[in-house]
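Colleague: Chain by chain, the residues run as shown.
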Amino acid sequence: MIYTSDSIEATVEMFSALPTIGRKTAQRLTFFLLRQPDEVVHKFAKTLIDLKNNVKYCSICFNFTESDPCPICASTKRDETILCVVEEPNDVFAIEKTNEFNGKYHILHGALNPLDGIGPEEIKIRELIQRLDGTVKEIILALNPNVEGEVTTQYIAKMVRPLGISVTRIARGVPIGTDLEFADDATISRALQGRGTV
Amino acid sequence: MIITSEAIVLHSRKYSDSSNILTLYTPDRGKVSVIAKGSRKPKSKFGAAVMPLGIISVTYYFKPGRDLQTLSNAETVVPLRVIGESFEHLTTGLAIAESVNSTTHPDEQNAELYDLLKQSLVALNTAGQNTYAYFVWFTLRLAEVTGFMIDLHHCAETQLPIVAEPTPEYYFSFADGSPYSQSDSTVQSGYRLTGVALALLQTIAQTGLDDVRNIPVSEQLRNEIHHFFTNYFSFHLERRFVYRTQKMVLGNFEL
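Protein sequences appear in the order of chains A and B.
Quick note: to get the working numbering, add 972 to the position in the first sequence (first position is 1).
Quick note: to get the working numbering, add 2 to the position in the second sequence (first position is 1).
Next up, chain A with everything else stripped away, as it sits in the complex (with noise of 0.2 Å):
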């Protein structure tokens, strides 16, 4: 396509390297962002620039953060003794959404991946095992039910169990608002497993 402009065309080009956005939707935001009032539009570009210059990992657990520590890891509310290793940082959110976990986090940034050839070193799992001083009691794995997250939690089970501290796992099993009939046997054999007392 033959554009009038190459601010243009290379604003359509960055937009449609992001993900999910396909050259069309890349071309709308630009010519919205085209209509906007200037202030906006600087607007705009500074928070962009702001999130990359502002946003680094925490030492501690690995999550985007503008203060290091970062403000879970800082809290002195939380629990320490309980550590829910995440693979990504938009897994902390999805757990934070729901109030129930009140212990720190560790996110490994991936999964290990035979496969594609990712092992341990490409992961943050080094970390997480310098993490275990003593304070921390329990570990609990909230990995991505497939291969690759099944992986990571046999390797991280199969490392930290010998330094005594109690590893489990998030439950596996039927999504809540689905029917029964249309659950995989495999969910629903999982689901099965890890049946509870009502």
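Just so you know, the hints here were simulated from the structure itself, not pulled from any lab data.
Small disclaimer: the values here were computed from a predicted structure and weren't measured.
Even for Gly, the Cβ is constructed at its ideal location relative to N, Cα and C.
Among these hints, one or two may not hold up.
[Stated by the list, open to error] DSSO-like cross-link-like pairs, simulated, lysine-lysine; straight-line CA separation at most 27 Å:
1) A/K1069 - B/K45
2) A/K1049 - A/K1096
3) B/K249 - A/K1096
4) A/K1130 - A/K1096
5) B/K16 - A/K1069
6) B/K120 - B/K16
7) B/K39 - A/K996
8) B/K43 - A/K996
9) A/K1130 - B/K249
[Unchecked claim] Here are some chain A residues the structure puts well away from chain B; computed CB gaps all over 10 Å:
10) T997
11) A998
12) F1004
13) V1013
14) S1039
15) D1040
16) C1045
17) T1053
18) E1059
19) P1061
20) H1081
21) I1137
Add chain B to chain A, keeping to what the hints say.
Modeller: Only chain B this time, still in chain A's reference frame:
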């Protein structure tokens, strides 16, 4: 054309927000790539079935000439619960799946290989601690059914029987798929294999799948045998063959 078949998931990679691209191995069409749309959504009816190592029944839309077919349905045929819950079983199973994925081409039918793969994964699911021996057993047979047979029991030069002695090393001819006997002093070239490794390979080659569980393989021998297979397949496939699963299967990493 709608095709219904049994299949084994060799590889899966994320595609877009909620889909996966799968590499399946089927008895009738060999390796087939399909897109499983929406398989990562919580309400997906086949999300759990389409994970690597799944032995499943699939229905997909097939268009000749296309590299990527569209999956319509998938259901688990044989649940492999033990493999899914042990690090050693999982990594060994994934190494077996990777071997098939790396040594076969798309649409290359090999029903014998499908049966071998299925049989090996089902057996691995009942294995105890010695999971690595299953990988060795499978790889020796994989070489056979893909046309690069390894004959560990006869000399590459004289075709006389060889019973491996633990001490000196043996030279192995990749071109012939056989070792040279030690008494053949004229041969001083080929891939070097310790007598212990050759003896272990011979034992596993002669063992039935049901008895592989009783064969432990030391860490040192795992490394040697893995490198042997890597070099053997590199020679026959005429390209650099690397097991991506190697690091996890052999534990070759430092924390």
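Colleague: Between the alpha carbons of B/K249 and A/K1096, is the straight-line distance 27 Å or under?
Modeller: 17 Å, holds
Colleague: Does the no-contact call for A/I1137 survive, Cβ to all of chain B over 10 Å?
Modeller: Holds, since 16 Å exceeds 10 Å.
Colleague: Holds or violated: are the alpha carbons of B/K43 and A/K996 at most 27 Å from each other?
Modeller: Roughly 25 Å separates the two Cα atoms, so the pair holds.
Colleague: Is the claim that A/P1061 lies outside the interface with chain B correct, judged by CB distances over 10 Å?
Modeller: 17 Å, holds
Colleague: Tell me if the straight-line CA distance from A/K1049 to A/K1096 falls inside 27 Å.
Modeller: Between A/K1049 and A/K1096 the Cα gap is close to 25 Å, so the pair holds against 27 Å.
Colleague: Quick one, are B/K120 and B/K16 close enough, alpha carbons at most 27 Å?
Modeller: 24 Å, holds
Colleague: Grab the minimum beta-carbon distance between A/D1040 and chain B and tell me whether it stays above 10 Å.
Modeller: 24 Å, holds
Colleague: A cut-off of 10 Å on Cβ-Cβ distance, and A/C1045 was said to be off the interface with chain B. Does that hold?
Modeller: 22 Å, holds
Colleague: Holds or violated: are the alpha carbons of A/K1069 and B/K45 at most 27 Å from each other?
Modeller: At roughly 21 Å apart (the allowed maximum being 27 Å), B/K45 and A/K1069 satisfy the hint.
Colleague: Taking 27 Å as the top limit, are the C-alpha atoms of B/K16 and A/K1069 close enough?
Modeller: 25 Å, holds
Colleague: Does A/F1004 sit more than 10 Å from chain B, CB to CB?
Modeller: 22 Å, holds
Colleague: Can we trust that A/S1039 is non-interface, i.e. its beta-carbon lies farther than 10 Å from all of chain B?
Modeller: 29 Å, holds
Against the hints set out earlier in the document, no violation occurs for any number.
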